[in-house]
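Visitor: Given next are the chains, with one letter for each unit.
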Amino acid sequence: MTSARHNRADRHAVVLVGNPNVGKSSLFSALTGARQKIANFPGVTVEAKLGTTRFENTELSVIDLPGTYSLAARSPDERVAIDALLGRLEEVPAPDGVVLVLDASSLDRNLYLGTQVLEFGLPAVVALTMVDVALSRGIRVDTARLSQALGVPVVEVNVPQGRGVEELKSTIHRVLHHPGKALELPFPAEFRQAVDGLYGVLCDLSVDLGFKPTRPEAMRLLVDLGGPLHDEVRQAGGQAFDTKLAEFRARAADGRGLALVEANARYGQIAAWMREARQVSAPEGRTLTDRVDAVLTHKVWGSLVFVVVMGLVFQSIYAWAEPLMNAIEGAFGWLGGTVAGWLPEDAAMLRSLVEDGVIGGVGGVLVFLPQILFLFLFIAILEDLGYMSRAAFLMDRIMARFGLSGRSFIPLLSSFACAIPGVMGTRVIEDRNTRLTTVFLAPFMSCSARLPVYTLMIGAFVPKQTVLGFLGLQGLVLFAMYWVGVLAAIPTALVLKKGILRSRVTPFLMEMPSYKLPRPRNIARVLYERGGSFVKRAGTIILAVSIIVWAALWFPRSDDITRAHEQRREAARAGHAATLAAAAEAWRQGMTGPELEADPAVAAALADMRELEATDKAARDRDETEFGHDETALAEAQRAGRAAYESSLLELRRRHRGALSPAMQMLAAEQELEEGLAAIDNDEAAAHAENSWLGRAGHVIEPAVRPLGWDWRIGMAAIASFPAREVIVGTLGTIFSLGDVDEQDEGLRGALRNARDRDGSPLFTLATGLSVMVFFALCCQCAATLAVMRRETNSWKWPAASFFYMTTLAYLGALMTYQVAHALGG
Amino acid sequence: MELAVVMVAVGIALAFVGWRVFATLRVARGAGCGGCGSCKPGPTAAGS
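From first to last, the protein sequence lines stand for chains V and S.
So in our numbering, spot 24 of the first sequence is number 24, and the numbers just go up one at a time.
So in our numbering, spot 6 of the second sequence is number 6, and the numbers just go up one at a time.
If you're looking for bench data, these hints aren't it; they were derived computationally from the structure.
Between beta-carbon pairs, the in silico distance windows are: (1) S/V5 with V/P600: 47 to 57 Å; (2) V/P703 with S/A4: 30 to 40 Å; (3) V/A607 with S/M7: 43 to 53 Å; (4) S/F22 with V/D757: 33 to 43 Å; (5) V/W693 with S/A4: 13 to 23 Å.
Please read all numbers here as calculations on a predicted model, not as lab measurements.
Each residue gets a CB set at the ideal place from its N, CA and C atoms; glycine is no exception.
I would like the entire structure built from these sequences, with the hints used as guidance.
Guide: This is how it looks when you write it as structure tokens:
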């Protein structure tokens, strides 16, 4: 009984409030131990997050709110902050107190929000962060005086060093047992009276509103028109309320802007506090950060640095990931062989499911893991350094030209990882039309799921050449692919913002965090999460789709096709036997084929011939690898190789005399039989594939995809990828493993290079590869993104419009790319 | 026996894809994330 009462009395909730990028999320993690993304970037939290911690016998729920610069309640995330403070969010408990997180190096600006929060009168503690940054700039904050001014305790906290967290917990515990006191600022009398009057009107409407309004809300309503709160009250109070509101506003403003009246009063008081509580010992000159920023955020130099940095990132992805990719490809080849060895010889269907469906599909995708990891390694390092905020600043300038603000840049930048958090991140955009435009543009950014498609096509069809002597062509094409989506998004944004989603550009306030050394743990976590997510996708949805595609490609199995090809095999073997018999007869009259094979002199000559052929092939392959990029050197090496071969052949003729001639005939017949049987195997696989359910469906859609340079197999793989685009790699892996039976050893890239169209010409050319990449760059093949768009816009209209617009654009883009590249000889 | 094993594998794959379609539609109608792992915020992600 006692225990139950004790538990009930000692369960509290506090809410963390602060500006973006003041270390709120890190503090949340330090207090609760919860795993949460910490990024050196404003706006990392767009939803309230919950965690729990204990102090002595108190269980404390901690609510992490979106970072905000004020409680102006113009955007949805600012409204979340107010609702959470007032305990009006269904998903989070009503807070018993507030932890106000303030950045010591920018106290003036942080206290603007701080004064607004303290006016709510909840028990509060100030957590003062970035004290070391402030000290490095010569700013010393007297916490005792600051505490006296604000009327709440102030605790210095340094999360990375683990300092102050326990003291903060004990202070929270202490203040929660005392009632809070609302902060009162010296606003002009007219302003105060208007707030009180409006508060009275709101209280009268409380039944219709469905909640009890507060005085700080009345102040927000007076100053900030057009936010979610204003909409709610207008619904309850109708036109009469708007008339009263206009009267109060006119009275309070006294000829000036209300926002200005509020800002003057707040900043006036903050300045007075700062004179008491803050000492600035060093003149605020240009710091190293300022000097670096002058270059990195410069219109010309900054843009140049951005292009060079990103270019280097994409170059490195190719240069460094290749050996690891080859190793994974080799491992899957070995795995395929080993697993095939375990399965019974006569279980052809099961072997095919495992080798072509599972290993061909999943293995084909996992090969790209190193490139994904390298891309995120670089981005995580750049972000941790603080560079990405500078890039956002640069882009803000450019985006304003297309009617978008820097607020749109953050969600769009997120979309390069995944469009889903990007679409969700648009909640920070207060203007509805700008928000919808940004939601619409997010899927255009090349997300990480597109990377395997690009690298597969580039690895297979773009030659390993250098441009300008130092730039790899493959890395350059990859960099260009990332721009395709951006270039398509620009006119789309222009059309939307100048047309149906017209609105004014709102100013965007963004903080430039100080440059910091990248934190290895943070980077390791990013890599673990991204890599883990990719592997999980390969092992779940990609595996499932690969198995379904395999089944659709295997069934129905036609006995007629099997029989017809078996007859062709028998005919080929009979032809081989006849060739052998003719060779035997030509060498010694009356000799049969089997007698020729058993003749010791011929067998010795045959063994030497085989060895010579193998050595010659190895030399040719070596020359190709070594001199492939230099035509003249390759021709020279090939000439030398040919001469060596002729000389060895002459030597064999001397050694084996007459026996060499039938041995050469036998070898040629053997090779002819092998090639013939392989061709029959391929023909049979192709015939079964064409007869399968997938093949039949593919033939229906083939006329639509032929102009893009695709055959039915690529078309079906693209269609199978509409729910999730990365599925295409697994699907191609399955289709081409099953369809091209002799290309297993070279992996998927090799299989694509060797794939043949019905007329025997190469199926994939550079033009086809480019066409596939452009299609994937522009198409909205992600059901999860469309679902989140529906949720965020509360309508199917936007996801439907996005899907049809992007699919049409992708088709036209791929069509144009193929036709132009094909005409240019690609 | 061989056919049975293949059928079970294909059945599980179809059920999994069906479950994902259902979960995606729930998200579209406003439900929270089902934890499928499709979306993990990247280093530049603004949100969870």
